[in-house]
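**Q** Here is what each chain is made of, one letter per residue.
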Amino acid sequence: MDVLKVATAGSVDDGKSTLIGRILYDTKSLTDDKLEAIERNSKQKGFDYLDFSMATDGLVAEREQGITIDVAHIYFSTANRSYIIADTPGHVEYTRNMVTGASTSQVAIILIDARKGVIEQTSRHFYINNLLRVKDIVIAVNKMDLVDFSEERYNALQEEIQALISKTTYKEQNITCIPVSALQGDNVVDKSKNMSWYTGKTLIEHLEQINAQDVYEEAQTRFPVQTVIRPKTEDYHDFRGYAGKLYGGDISVGDEVIILPSETKSKVKEIYFYTEKFEKAERGSSITLTLEDDVNVSRGDMIVKASEKPTVEKELQATICWMDKKPLTAASKYSLQHGVHNVLAKIVDVETIEETNFSGEKRAISQLQLNEIGNIQLKLSKPLFFDSYQKNKHNGGFILIDLQTNTTAGVGFIN
Amino acid sequence: MSTNVLQTNVLESEAIHIFREVVAQFEKPVLLFSGGKDSITLVRLAQKAFFPAKIPFPLLHIDTGHNFQETIDFRDKLVKKLGLKLIVRNVQDNIDAGKVQEETGKYASRNMLQTETLLDAIEEFGFDACIGGARRDEEKARAKERIFSVRDDFGQWDEKNQRPEVFDMLNGKINLGQNVRVFPISNWTELDVWSYIQRENIEIPSIYFAHTRATFLRDGFIWSANDEVVYREEDEETEERVIRFRTVGDMSCTAAVLSNAYDITSVVQEIRQSTISERGARIDDKRSEAAMEKRKQQGYF
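Those sequence lines, one after another, are chains A and B. Sequential numbering of the first sequence, starting at 1, is according to full-length UniProt numbering. Sequential numbering of the second sequence, starting at 1, is according to full-length UniProt numbering.
Chain B extracted, bound-state conformation (with noise of 0.2 angstroms):
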């Protein structure tokens, strides 16, 4: 008889296992979908998690209006393949019903804005559980983030009154009003997140690798240029370059790298040998030192 043995990988059993705490402790989770690599990578551990049953809950999107067409068309692709539930919920209606305040200028982004749309979903739905893709590693004030991360009913987080989070117990007992953030992937880094969708071969939108795109140069970093919610100024001359996304944020923030990674494996490669932080290309991220910080007190995921 051959054995087959089963080996644990730590980060991989930790997911699942979380996964499982939520849907037996939350009366509605919901996973925070935006088409990135990292909540593409939760998809595929929540189908890990519940197999042979479907993945028992149903995503949510914040779309900002400003995703990039690779993305969304991904995410339509993913969820129809999969028979998975999709809500989405636009910014632009906030803004359109005058509930918040789209900013101008230069370095305008929707990131804040989002949270305004997350938090009337969250109300909306009822949701007691949103799943994010969040990593500890992507910024120090998430470094400080519990997996099952308890927020009020404005949607606040309380840095300095957090549960205790011993061994793998996860306590989701909440206050009416209170809902939890939850971070299955919390203790993965970035190359962990590529190297398991190179071994577990998930598909991701094509952004992620090497194309050729009209893109002008902003203090040091490579924006697109054919997509009108980029911030332009006449002077700022466009250019086609060989280049890929290494995060997929709203496409106001997210600067793309020059590379030459066609496919997961180079991509994989590149991620070794940067020099550079994944969150280096996130300009919100740089408006202060605590910037992060700030946004998650309000509410952001």
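Next up, chain A with everything else stripped away, as it sits in the complex (with noise of 0.2 angstroms):
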């Protein structure tokens, strides 16, 4: 069954946990034990209504400020596939955590409040997903329940809305706006009987249709090698398998092929996947290559098509979130993962901070502090394979690793 991963983006108290609590309950899918503990502890709490964060806020400390700070991952399926979401927190302060469970799906959810409309927080979130390329955005209009179930407010929304989305930059996004009442239930899983003038899917039939392969850029095949399998073996004597995951395109048995940075070239000779050999291999798939001729291939090498070099350069221009509370400065040493290659890097300028409101306005500064997103350039003390971010996500995208803590300190984007 194929599974589709969303994000969820809103700020604080704009029903996010309520929104993924009611998908949970109108599908059905929290179970009775469940369903009982967030009755129990909503009652204990003095509600009257049920507190479907406590299905989501898994931590003491989220419990107790009743806010998200790290990202959960919550999973339902319906007939025709899985779904992973990942609820991600609102607040400024944790950004970091957005741009991680944005970073891995496919689909975002940006919740609005109907009575505030969009905010700086939405402008925030729209940024990020933009600049992480999710092709698949939904903005649910929620709390409707509270503006009577308006249409007028709903198209004045619209509106601002739109005016947002015309600053927006990656102007290939699908974007979809729904109007819904986490808290009853209104054009999440089922229509709405208070909504009549709204004609178009609720959020479960829009989510349902959503391609998930076409969600995968077209991109170029890239194979980095993880590790060399060597098995030294009696049947398997002479075997020297590189494995890896396949990251955009396919490749085929056969097909000319350059290995990366020594530009050696060689055919694919079999593709193992356990103990099946195949023809093919499309992207995504975590699988072993053997090659025609014995080359030097080890852990951190590529294995391209002949006819599809990516870009391999000593030096990067690149936007980044930084993540870390020890700001980043130029001339300082970070070790850079890209993918499972690991260079040094040193950060020769950080040249200007983004504003997230699609002014477009970029300060020069001398520094990038926490959850702040700017312009720097690196040097790499070995050259580095890689395509754009625009091109493919895997290959044009990389963290910053700090030599003394060993944190991921930051998430880059190759321009």
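If you are wondering where the hints come from, they were derived from the structure by calculation, not from laboratory data. Predicted model, so just to flag it, every value in this text is computed and none were measured. One or more hints might be untrue.
Simulated crosslink set (BS3-like; lysine-lysine; CA at most 25 angstroms straight-line) [stated by the list, open to error]:
(1) B:LYS85 / A:LYS232
(2) A:LYS280 / A:LYS28
(3) A:LYS232 / B:LYS80
(4) B:LYS48 / A:LYS280
(5) B:LYS80 / B:LYS48
Hey, can you piece these two chains together into the complex? The hints should help.
**A** Structure below.
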């Protein structure tokens, strides 16, 4: 069954947790014991409604403060497909967690409070999904019950939303707007009886028909080698397989390939997946390749089709979302991880900071603070084989790892 | 020429990718193996990740001493069949040495005590990556955990300060003393695991299928009666019931369900229709709203 990965974004109290709870409840994905726990806890807190955030806010600190701090992954399925929802925090100070959730998702649901309309945070959420090039965006205009399910109000909001969309730079994004009440269940799973003026799909109906395959970008074949498999057993004495995951494109037996960085040429001899051999493998598969020639390949090398060479450079321009308390400054060094490949990186220049309100303003700066997004120049100890993030998400993204603490300090998008 | 095309199975490919990253990034990985369906699934995925080579790390079983005999027999058979290396460390040894104290009474369980034995084993062998079969759909504190989850010297999880995990880049760099818990099937649900076992035709212990067993009732749960480790009061009467176990933890805290599912097809069918979650039969999780989070902060896997 296919899996659709969805991330939610919304400001505090826009009702993200309630929306997810409502989806689970109306698709009958909440088991009796979990529902009982929600009922029990809601009653204990003196609420006269079901507090669905109990289902998603898994940490004590989150329940104490009534906010989401870190990404929760929620699972449910319909007859059609499985869903993974990354419930990401709305607070500005948890932007890094929002990026974490959105980076693995194919669809983003951005919540707007029907009373408040488009606010600064909405713009920020749009900006991040733009930067990450999330293909499908659903704008759930929530709390329609609090504006008397008013069509006029919804139309007025549509204008605000259109104004925002007109400013975005990623024009191929599919954007859909749906008026909902998560609390009362209008247009989430079931069609609203209170908004007969809305003739579009419910949230779930819309998600059901998104083609998960389409969401993968049309990218060229990239096969970063994770590990070399040498069994040295009697049956496989001379076996030398290159294990990895295929990003973008496909690969077939007989394809002419080049190995980077050595630029050695060879041909695909076999494609193994466990005990079976395949003629062709499609993107996303974790396979093991053998080659016609006895070439030198090791972890971090990349196998590509001979006709589809990526850019190979020792210097980079990138947009970066900073995720560490220690600010990013020029002249500092980090370990840059690009897929399964690590190189040392020196920050040549921290150039500008991006305003997330689409003002287009780029302010010159000398350092980038936690949760800020900016543009930098990097110099690498070894060449990198990359595509721009626009062309291939997996081959155009990287992380910077702090050399002292080893933490993931930032995520970069190669321009 | 027939074209034999491999289509992606997203969850399977993701898990295999994670296994390969563990072996490439760590010196001494180990697979935490309980003999339950999730760790059995991990073994199959590890086979797939490294074929035609053998699984390049040992299995570690933290034996509470309260395991179902069927599970232990199964474990030993599997290890032998696949030529794997198995390390067993016993909770009983720590109890005997007075390092941990056993709970007593009606709800006593050795679940908490496992943590100490696990941390000892990590230190004894110098494991830097422990691969486990936990899934985010099991429990809400688990839903917050990363795939590479960094633990400190004491095995502690700092839930408020987790490393961001973007795309499928896994950062396994750690400082001395730290280790990483790795969860390759994080994104699988219980039904995904069962469907996979069915599709792959993977053998599992017989207690997962319906069988007749002496049982008794307490708090609305069905308990195995003939095992002396399960505390039973005199007025709690035993009766033979046709049951199966949906989750195989410690006998003292794992309840059975009434079932007629004698084969994998009917098990999958039953899970599809169930209105109770898997952990609904794990008594330990019911101790408080934050039972799992607390255990994990202390080093539980």
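**Q** Look at each hint and say if it fits the structure.
**A** Now the hints, each set against the structure:
1. In summary, the hint linking LYS85 (chain B) to LYS232 (chain A) is supported, as the alpha carbons are separated by about 18 angstroms, within the 25 angstroms threshold.
2. About 39 angstroms separates the Cα atoms of LYS280 (chain A) and LYS28 (chain A), which puts this hinted pair outside 25 angstroms; it is violated.
3. Proposed proximity of LYS232 (chain A) and LYS80 (chain B) is supported: the alpha carbons are some 20 angstroms apart, at most 25 angstroms.
4. Of the supplied pair hints, the one linking LYS48 (chain B) and LYS280 (chain A) holds, its CA atoms being roughly 18 angstroms apart against a limit of 25 angstroms.
5. Straight-line distance between C-alpha atoms of LYS80 (chain B) and LYS48 (chain B) comes to about 18 angstroms, which keeps the hinted pair within the 25 angstroms bound.
When each numbered hint is compared with the structure, a violation occurs for hint 2 only.
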